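S.K.: In case you want the letters, here they are:
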Amino acid sequence: MIMNQLWSIYKNDQIHVEYSEAWQLAQKYPHAVSHDGTNTVFVESLDNADNPLVMPDLPDDEMAFVAAQWLFGESVRGMQLTQAQAVRLFTHPAHRLWCARYDPPNDPQFEADYNYVGAFLQAFTSVQWPAFTSELTPAQARAIMLQGLGG
Amino acid sequence: MTFTRKQAEWFYLRQQKKRRKSGSSPVHRYFTDLVAAGGMYYQFSSPITLSGDFEIELRFATTGLSVQIILGDSHITAYYFNISATLNVWVAGTERKFNFITDPRDGKLHNLIYKLTGNSLQVFIDGVSLGSKTIVPYLGANRFRLGNSNSATAPFNGVLSDLKIWTNGDRNTGTLVVDCPVDEAAGVNTIANLANPANPLTRVNQPLSATELYTLNTATTPYQWENADKTKIIPIAGT
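Residue numbers (the working numbering), protein chains in the order written: chain A, 22 to 172; chain B, 142 to 380.
Misleading hints may appear alongside valid ones.
[Stated by the list, open to error] Ranges of calculated distance between the beta carbons of each label pair, as one might list FRET restraints:
id	chain 1	residue 1	chain 2	residue 2	range
1	A	T146	B	A333	50 to 60 Å
2	A	G171	B	H169	30 to 40 Å
3	B	D370	A	V75	18 to 28 Å
4	A	D78	B	N260	20 to 30 Å
5	B	L206	A	A164	37 to 47 Å
[As the list claims (entries may be wrong)] Sample of chain B residues lacking proximity to chain A, with all beta carbon distances greater than 12 Å (derived):
id	residue
6	A177
7	S225
8	D267
9	A282
10	A293
11	A339
12	Q347
FYI, nobody ran anything at the bench for these hints, they're computed from the structure.
All values reported here derive from a predicted model rather than from experimental measurement.
The beta-carbon is built from N, C-alpha and C at its ideal position, and this holds for glycine as well.
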């Protein structure tokens, strides 16, 4: 198994498919992190991965949009990206909104992220983005975002 | 003779200045840049029981503003220390928040101390008290992770080093059970616990590139640790 320094992201369920790419990586990284409960991040990649999405060099919002469509989709193939790209995705408002980890629950960051993601999705799609209200929960925001991505 | 932390730091810095003046060799050490996106952390081999009073000391540097776990087992059932807009301590499901005097999420290396005396938990950053809170001590075992926990996933983003834990008292009266400088080279996956070699830390999700050799620069104010090509700088708070 030949690895390289690119990071990779796979669907969580792929880890349990014996000899799959994610399974192979999980043998070396059994505690690889899943920030969103759906995808797992490995800090290496397989050299011989089958047709992965290799993240192109894009501005943050465009990269987040490409990554979001991939990560929220059904593909079992991996995404490969540099550590720097992974960090940029991890700190993007769309990722925070998707992971819905705000502290305390009325964190002003939640409203800021919700509005930011609405604006950036409307720049790429024709999604209708409801205005933020104090009753909106992070789980509802996550559902709205998924709908906006066509999920 | 027992030194206070301030005295010890003064002595250490004086020694560094002497070395610099005498032209002796520079001071080096390794730091690992934990990247939260990759879920990097350290895991103790065996559980640690904080019986009775305790004192925990470590150094940290971060610029991350979201929730980050410093040292944790489970926030529901055990001890769990994290940082967000406040410093937070969970003891078996109950949270205590300590407000900052000055926000330490500035990328500088800070000294952090948690000290339990009876039911009173005090927190210090760089020797300055953030106050005390009453807790009901948890006396069971803690399967500690440094930079993460077993119950929530909010990995630390930055540097964690020089972890020490005393139990059954503080640094002057208790037993030192953890002394992990976290100063191992890249590729060395077992992080020595000088106080209990049978219970070291293990690196988790850390690629080789996460660990680099740093050199202490005492010509700057504050002093700072610099990696080889000076693309990573860790200023030392209070120097």
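S.K.: Hints first: check each against the structure and report whether it holds.
M.R.: Hint-by-hint comparison with the structure:
The given range of 50 to 60 Å is respected by T146(A) and A333(B), whose C-beta atoms sit roughly 52 Å from each other. Between G171(A) and H169(B) the beta carbon distance is about 52 Å. The supplied range of 30 to 40 Å is therefore violated. The beta-carbon spacing between D370(B) and V75(A), approximately 27 Å, falls within the hinted interval of 18 to 28 Å. For D78(A) and N260(B), the Cβ-Cβ distance of about 55 Å falls outside the hinted range of 20 to 30 Å, so the restraint is violated.
A hinted range of 37 to 47 Å for the beta carbons of L206(B) and A164(A) is inconsistent with their spacing of about 25 Å. Non-interface call for A177(B) relative to chain A: violated, since the shortest CB-CB distance, roughly 7 Å, does not exceed 12 Å. Against chain A, the non-interface label of S225(B) is violated: not every CB pair exceeds 12 Å, the least being about 5 Å. Listed as outside the interface, D267(B) is consistent with that label: its C-beta sits roughly 24 Å from the nearest C-beta of chain A, beyond the 12 Å cut-off.
The claim that A282(B) lies off the interface holds: its Cβ sits roughly 20 Å from the closest Cβ of chain A, which is beyond the 12 Å cut-off. Against chain A, the non-interface label of A293(B) is violated: not every CB pair exceeds 12 Å, the least being about 9 Å. A cut-off of 12 Å between C-beta atoms confirms that A339(B) is not in contact with chain A; the least separation is 22 Å. Listed as a non-interface residue, Q347(B) fails to keep its Cβ farther than 12 Å from every Cβ of chain A; the least gap is roughly 7 Å.
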